[in-house]
Amino acid sequence: MPRVPILRFGPTLIATVQEDLYDRDALELQEALTTELERSGARGVLLDVSIVETVDSYLGRVLRDIALGARLLGAHTVVVGIQPAVAVTLVELGLELQGVRTALNPEKGLAVLQRLYRTDRAQRGASRGR
Amino acid sequence: MAAELQLPIAGEPDIVAARQAAREVAKRLCFGMVDQSRIATAVSELTRNVVRYATDGRGRVVIREVAAPARKPGIEIVVADDGPGIADVGEAMRAGVTSGAGLGMGLPGTKRLMDEMDIDSGPGRGTMISIRKWQR
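Chains as they are written, first to last, in the working numbering: chain A, 195 to 324; chain B, 19 to 154.
Just so you know, these hints were derived from the structure itself, not from any lab.
These numbers were taken from a predicted model, which means no experiment stands behind them.
Take the hints with a grain of salt, since some may be wrong.
As the list claims (entries may be wrong) - A short, non-exhaustive set of chain B residues, derived as facing chain A with CB atoms under 10 Å: (1) 38; (2) 73; (3) 74; (4) 148.
As the list claims (entries may be wrong) - Examples of chain B residues lying across from chain A (beta carbon under 8 Å, computed): (5) 22; (6) 26; (7) 37; (8) 45; (9) 51; (10) 54; (11) 55; (12) 59; (13) 96; (14) 124; (15) 133; (16) 150; (17) 154.
Here a beta-carbon is modelled for each residue, glycine too, at the ideal position from N, C-alpha and C.
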């Protein structure tokens, strides 16, 4: 049983990252999300980290790698719920999660994903019209 | 002076155990949320270095309250191992967090999270890193 269950909600995969994941659990999450993206053809990933009190450079890199990997599979990633104390720590640590979209909470994160899906559809429509 | 807490490091679960213990002590010493996060994260970085790079991934952590004249109490965490040691501490401190794998990776970031960091290391004689944060 993975420590981070992955839910499917329409075109979006949702994972709530548990507090104090061991390194191998974080890697397992990365692999499971990638597998599920490929299997389901989902177009977005919402990663909720609101109960995570400690994001060190390892977990930060895994979050970034999940977003980069999802992008290669044609999906968007939004990390939501970063605690203020964690945000300050990540900046001081020198790990600003470049290239990772973030939102304050799951609701706002889903709104970001909906916007991105619409943009994708518009672009696909435009390229078909040419 | 409060008793000190000693924890062994022998694998990944001990990274989590050590940072949880450090956070608990920081909380007890009335550090705020941001400082608790800084301290827990710094301990996570240092203990992960031990698990990844020390001989057999083994080492130890000591967490204690510290006092200094004309200062509010502070927390000190000492992370030590008998691993290969850091050949060039200066170079390890210049390297960025993203500069790739290797001993001492992430040390500059860890230092930024704390008020003080001392590194005692050399080839073949292990590594002992002490970090401190003082209440403001």
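Verification of the supplied hints:
no., hint, in the structure
1, 38, "7 Å, holds"
2, 73, "19 Å, violated"
3, 74, "17 Å, violated"
4, 148, "19 Å, violated"
5, 22, "22 Å, violated"
6, 26, "17 Å, violated"
7, 37, "6 Å, holds"
8, 45, "11 Å, violated"
9, 51, "4 Å, holds"
10, 54, "7 Å, holds"
11, 55, "4 Å, holds"
12, 59, "5 Å, holds"
13, 96, "18 Å, violated"
14, 124, "5 Å, holds"
15, 133, "12 Å, violated"
16, 150, "16 Å, violated"
17, 154, "14 Å, violated"
Checked against the numbered hints above, the structure violates hints 2, 3, 4, 5, 6, 8, 13, 15, 16 and 17; every other hint is satisfied.
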